[in-house]
Amino acid sequence: LTRYLVNNYGSNQRITKLLNNTRIFIVPSLNPDGFAVSQEGNCESLENFVGRNNANGVDLNRDFPERLIEGRKGNIDDLLAGRQKETQAIMKWIIMNDFILSASFHGGSVVASYPYDSGKNNEYSKTPDDDIFVQLAAAYSLAHRTMRLGNNCPDDNFRNGITNGNNWYTVKGGMQDFNYLYSNCFEVTFELSCCKYPPRDTLPQEWENNIESILKYIESSHWGVKGVVSMADGGRIAGSIVHILGVNYNITTNKFGEYWRLLLPGTYTIKVHAPGFVSQTKDIVVKAGQTSLLNFTLAKIDKVKVKPVFEEDIRNEYGFHHVVNFMHHKYVQMSRELEAISKEFPNITRLYNIGKSVLGKELLVLEITEKPGIHVPGKPEVKYVANMHGNEVVGKEMLLTLARYICENYGTDARVTHIVKSMRIHLLPSLNPDGNEVSHEGDYNGLDGRNNANNVDLNRNFPDQYGVNKDNRVQQPETLAIMNWLEQYPFVLSANLHGGALVANYPYDNVPPHSSSQKENISPDYETFLLLAKTYSHAHPNMHKAVRCINSTDLFNDGITNGAAWYIVPGGMQDYNYIHANCLEVTLELGCYKYPPAARLSTYWKDNREPLLSYLEQVHRGIKGFVRSSSGNPIKNAVIEIDGILKNVKTYKDGDYWRLLPPGKYVVSAYAEGYVGQTLNVDLMHQENGLLKSAHWVNFTLQRDGPRSWSIENDFDQEESVDPLHEYFNDGQIAETLRKLDAASPNIARYNEKFGYHYLSISHDVSLGVEHKFNILVVGGLYGSEPSGRELVLRLSRHLSAGHHLHEPNILTLLQRSVVTLLPVVDTYVEAPCQVTDIRNNPLAFDIINGGVTVGKNLEYFLQDQHFDLIISVEAGGLNLRHAKTQNAIYSMLYKLFMQVYESNKPKQISKCTESHNSVSTLKERIIETITTRHNILMVSLPTSCCNYVEPAKIPLMWRQFLRPIMRVISSSVQGIRITVVNSVHTPLRMAVVTVNGTSYSVTPNQAIAKILLPPGSYVAKISCKYHEPQLLSYSVDEGQLMDMKVALREVTIGASLAHAGNGVAGYVVDLEHHPVINAVILVEGTNTSQKVNDQGAFWIPLQEGDFVLVATAEGYTPSTKLIKVVHMEPTQVLFTIMKDHSVIGLPRIGFIFLSSLVIMLILGGGLLTFMFCFNDNKSTKGFALLREKSSFFSYSQGENLKLPVQGGGLKTTAYYDESDIDEESSLSDEEVIDVHKLQKQAASL
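Numbering (UniProt numbering) for the sequence shown: 1 to 1246.
It is possible that part of the hints are untrue.
As a list, the in silico BS3-like pairs of lysine-lysine whose alpha-carbon atoms are at most 25 Å apart [said to hold, decoys possible]: (1) Lys534 / Lys653; (2) Lys908 / Lys653; (3) Lys17 / Lys282; (4) Lys371 / Lys650; (5) Lys908 / Lys665; (6) Lys1026 / Lys1125; (7) Lys255 / Lys271; (8) Lys226 / Lys300; (9) Lys647 / Lys665; (10) Lys226 / Lys92; (11) Lys92 / Lys172; (12) Lys343 / Lys371; (13) Lys421 / Lys282; (14) Lys271 / Lys371; (15) Lys650 / Lys908; (16) Lys255 / Lys343; (17) Lys226 / Lys282; (18) Lys271 / Lys421; (19) Lys226 / Lys17.
Ranges between beta-carbon positions, derived for each pair [stated by the list, open to error]: (20) Asp1044 / Ala953: 45 to 51 Å; (21) Val985 / Asp1044: 18 to 24 Å; (22) Lys545 / Gly411: 31 to 37 Å; (23) Asp1044 / Ser1157: 39 to 45 Å; (24) Glu1085 / Ser767: 46 to 52 Å; (25) Ser1002 / Glu1085: 18 to 24 Å.
Hints in this document: simulated from the structure, not taken from any laboratory.
Quick caveat: nothing in here was measured; it's all calculated off a predicted structure.
The beta-carbon is built from N, C-alpha and C at its ideal position, and this holds for glycine as well.
Full structure from sequences and hints, please.
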């Protein structure tokens, strides 16, 4: 690198510019002692880490101060104490110089690793500048020739070739964390090669891999802003603190007052302060590829201003420094009080109105914040609304008192000051001033003034999620004012203050039609609402005690209740806030007395002051952040989604958002039209205890959703799949594409033509045995009016082939477990309108449901021939996954799994269609039912568009939107269990059946494997086979797991077999001494039948008529084979005599005989050749005489295999001996004769 930069300076424009604008320091070796004892070609560390560590045996990348143990020490000597010399040298160098960017080069992997390196377990350990570090790491990785793949070394799986350090593995005392914490320098660690000390001949290639990455990384040092901090007289201010608003990481100016701050493109607020100077704040826009210049000039503080000291430093019981006159305020008095507060505290308040009441009274709102009148990006907005019911006045008086309390205590009370600075508060003391005017003091539980001037209950007047009624058909002026207010401000949190009870009430207030009353109806944010309600209730001295009001039977456990569970409120304001805005609102009933005497207001204030403040602070619960484009511009209306919570929020005009959440771990995603979504893991467990100062920052940077960039990121750069499509491929073009994929990847892809269909089978080692793999069919063009499926399945073929070639882990797992058959074309496509209602456009599907006798018969033949385990039909015409209605428990669980996977992955921007039930949708439902029932194959449809017919030009975008859900559904299917069923001698039982949860699965015809797709859960399988003892097997399937098991079934004994006597074979297995071989097993070749003999060596095997080959086997004996003919209703008798398999000199007898014979033949052959060379005569070869045949034990006649003697009217069998097994003199006694009929009768009586 050094040579390259020097040699190209002046001749290469890029290098010249780089060196003219950047000071580059290069340290080739931080550990020269370790390098001296290392060995070239050694890819791993030597024993005891010789070479890796320094000469003292210390790992230098574990020798820096550890942030989680040692904290931050300010003294340099304290920092250096106890460190290695190399560590001390580099630490001094880092601290004494003005580095802003650094790279630490390592080996042993190929990845860019960014801080923090240490943290909790192996969780993502994020710095305040995590977004910048991610982009720095990506700048290097994406420019590298191989790093971006993320899987260069064994066991590597790094998305885009980058990783958070602690998320990979924990490094305590690492150098990159030290750089960030103790200097202004951002350092990233780059692992450059799998081999730590590769041979020198690999270095040219390593140089080619890294040069562009190195240059890109050095150039990134110019991201952000730089400038000078000086005094009014021009003198520079060293050590000034430069703070980016919203980022908990500061840098300092150097001795010349200069600073450099790495930042991504965007708008920032920068504050600079220094001791003895007035702080200065400026806004700056940072643009991509440019360094923004921003200078600061600070004014000296002439004298220190002392905060005023109140006469009573300890505030009174109400929190004020003066006597408070608690009183009721009608509209005029309320208006004057609000105006007085606004005029008294103009720096932190603003008085405005959101509309007028029916009688023309202004609906006044007092805003309290550090910069009133503007929305500060990133600062949450919260509102309190009171007096919605005119005669419920306690809330109004509490808000007026709260306004004065906050304003008067701002700047002197730390808690109140933080509240004002950290949020924007909007107080609406009276939403119903007209009703309040006619209400009266002393009303305990009346109705005077409850409604507005039009006699409408405003808390029944909002649009409702469950429909329109007489109370909300027309919105009142006060209601419209609230609705417009919600559109103008990005409210995050709200409370609606009422009276008449003492309880915190959370959504929903209403229930679906025909639901029973007083039944709980919770929202998706139930846990958050529960926490908000409890926050208020538990901070109140009495609310959490479940106080019962006079003449009321209501008793609220913990002082909280679900609205609908208390009583139904259709058209309520809190439900409207939650459904139509990003705002979570709770209704707070502050007391049983709706309009209490003024004398009681002081008590109400003492009870509610702390709850009101605590509730405001809950706006800092959960997460907040910005969604920006990669160029730094804010993205308005981006969707923020929390996995598992079916309620999204959207960003405001500055790209900022807030999402209230309880403590926990979450998966958070950001989506915006025209951008690629981003998903992050968030840990909020730290919010469980302690004061909430600020929500957890989670920022998103979304990349423009360009087809090419998307393809590189998600589709392995398959340009053809995202290229513009002007017309659909015809059948020939599709077939040719499949052939090319076969030719390009013959080891994984196999092109076939059968029954008139062109299809591609893709699997790992597709040419080898695939019986153990799941057989999945992905079909595209099942409906002629929906040709989009053809193109999507074709693109899926490219995706799977390319993914396997690049060793993408999920695709490797899928193709190792399954054979994915891709059938793009079934029916001939036709052009049609968006919505198709005529089934004549789909003749093939129509024929299938009518028996498949014309155009559908080839598909019937195809399905019968291929034996698929799962069919996935890629379709259009809706966005709801379809499946058959079934009583099959396993199928039902799999359908539920597929639906969950599909729903959680389908594109958010088109998550709903206006679906209508017509003849085509009925046809599609019947197709799935027909194929599932007729072929006993699990089948689902994956819809990809609201339209049936999709214009060809829309296919590339559709592919980008639905690749993820299609792949996730397919990948989720290859989990479950594979059971190989054998008998006691490990012969496959090819007629075995495995039953799981009532569903039976046959095994494969060769290896006897039952392949069972299962969602995660616990199961019991019954493995059974005729003539064998069944087994029960309990097991659990984890997510993504495929379990392999082998089950051996024991054969049933002879007694059980004889009970089924009929056509078949009976006999004995004995040894040479005519003793029964009790551990013998009889196998019937070519069938699934085997039989173990009983303790007399006898067996009975029922068989159909025909010829069979029987094999008798037993441990320690040589097998014996016989050809047997079974005739109608006549048992066939046979006797197997097997002899022990004696070994000679460690070899089986047959092996010893073969080896001995071979040696003798070689000796004889050698002797014969010698004889022929020595005696060249022409004597004829002597002949050989046949040996005398031994007399047979049996008498044979033509057409008979065996003649049996008859004795005592019963059928007797004589043993059938192979001549090789017995001596000529051997005889059979009467005790060795078998009466088969007698055996059958005995068995029948069992």
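Results of checking the hints against the structure:
1. Lys534 / Lys653: violated (32 Å)
2. Lys908 / Lys653: The given pair, whose Cα atoms are some 20 Å apart, holds under the 25 Å limit.
3. Lys17 / Lys282: violated (30 Å)
4. Lys371 / Lys650: holds (24 Å)
5. Lys908 / Lys665: holds (22 Å)
6. Lys1026 / Lys1125: holds (22 Å)
7. Lys255 / Lys271: Distance of about 19 Å is within 25 Å: holds.
8. Lys226 / Lys300: holds (22 Å)
9. Lys647 / Lys665: holds (17 Å)
10. Lys226 / Lys92: holds (24 Å)
11. Lys92 / Lys172: holds (20 Å)
12. Lys343 / Lys371: holds (15 Å)
13. Lys421 / Lys282: It holds: about 18 Å lies between the C-alpha atoms, which stays within 25 Å.
14. Lys271 / Lys371: Answer holds: Lys271 to Lys371 is near 16 Å, not above 25 Å.
15. Lys650 / Lys908: holds (13 Å)
16. Lys255 / Lys343: violated (46 Å)
17. Lys226 / Lys282: holds (13 Å)
18. Lys271 / Lys421: holds (15 Å)
19. Lys226 / Lys17: holds (18 Å)
20. Asp1044 / Ala953: 45 to 51 Å: holds (47 Å)
21. Val985 / Asp1044: 18 to 24 Å: holds (21 Å)
22. Lys545 / Gly411: 31 to 37 Å: Taking Cβ atoms as reference, Lys545 and Gly411 lie about 36 Å apart, which means the hint holds.
23. Asp1044 / Ser1157: 39 to 45 Å: holds (43 Å)
24. Glu1085 / Ser767: 46 to 52 Å: Given about 28 Å between the Cβ atoms, the range is violated.
25. Ser1002 / Glu1085: 18 to 24 Å: holds (21 Å)
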